[in-house]
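Turn these sequences into a full structure, and let the hints guide you.
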Amino acid sequence: MSRRLRMWVLLLGLTGVAATLVTAALRLPAFGTATHPYGDRAVREALAHRTANAVAAVNFDQRAFDTLGEESILFAAVLGTVVLLRQARDERQVTPAPARVSAPVRRYALVLLPVTLVTGLYIVAHGQLTPGGGFQGGVVAATALHLLYIAVDYRALERIRPIGLFEVGDAAGEAAYLVTGAAALLAGSAYLANVLPHGTFNTLASGGTVPLLNAAIGMEVACAVVVLLARFLDQAVEIEEEGEEQ
Amino acid sequence: MADLLIALALLLVAAAATAAVAVREPARQALALSLLGLTLTLLFTVLQAPDVALSQLAVGSALTPLLILLSVRKARRRSLDQVRAEQEAEDGR
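Here the protein sequences come in this chain order: A and B.
The numbering used here runs 34 ahead of the 1-based position in the first sequence.
The numbering used here runs 1 ahead of the 1-based position in the second sequence.
Some hints could be false.
The list that follows gives simulated cross-link-like pairs (lysine to any residue, SDA-like), each with its CA atoms no further than 20 angstroms apart [said to hold, decoys possible]:
(1) B:K75 / A:E274
(2) B:K75 / A:A270
(3) B:K75 / A:T115
(4) B:K75 / A:A110
(5) B:K75 / A:L118
By construction, these hints were calculated from the structure, which means they are not laboratory data.
Take a look at the structure:
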């Protein structure tokens, strides 16, 4: 294909996309108005399944299969990082020297660590009630652990972070989502259908499978972020190329 | 009032995004990116999308800049060591 022809093909494609986008945008409801065709339907479904957080209902009930795909993307990305960033033959591991931490930083990080951890777990557990859920809470909980690196040093972080265990947790979270979906098949319904009793609206035990899927995602994401950061930290702090000096 | 807040948040996002593009030094860029994450969090909050705001806050303003900083540290150390090794080779000649 000549350069000229390729430009024409590109131009044709771009025109098509632009025309489709403009046509779609023209039929959108105006910004900030009270009518939300999709929102109204989503909220009706969320209320029917006693899920107070409509966004969680969309993510883990109405479009649970879609979320499975998103979760798997993160799982695959972390798997790729683990494979790519492992210690190669021409690299060696050094023990990083502990750095001096100023007292206010240490105090601040040590006080915030449990607070952040509990906040993360709270966001996971209340995903079906209040904004947030497994993904957001998982990231918050995982970053909380790393406050120990800021407050003390790398070795302290390594002690509370058995990396093999977190890798297993990552896989277990991914598996739990799949198994929860398959359990609906056993109940004689569609894959990932919300078959559990829906419970009382606006209580912790409401939403059927939504809290379960939230917990699975929370575990997967928290472990995935810990493993991801561990691999990057290893590269930045511990692993050196052969012949490098500290 | 709401429109004013949205316009203000949009302006902040535009300013932070421009800064993130304009800054050339990777470590400073991570900081600018973190600031962009924070302004986007603000925008999503005033647009009443707290779920997205929470993700943005956790990933955009904490996790991504941290990963960039760690990568910069690794890359920079390697290049510094390479320079040193080359100099030593030249001195020894």
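Consistency of the hints with the structure:
no., hint, verdict
1, B:K75 / A:E274, "holds, 9 angstroms"
2, B:K75 / A:A270, "holds, 5 angstroms"
3, B:K75 / A:T115, "holds, 15 angstroms"
4, B:K75 / A:A110, "violated, 23 angstroms"
5, B:K75 / A:L118, "holds, 14 angstroms"
Of the numbered hints stated above, the single one contradicted by the structure is hint 4.
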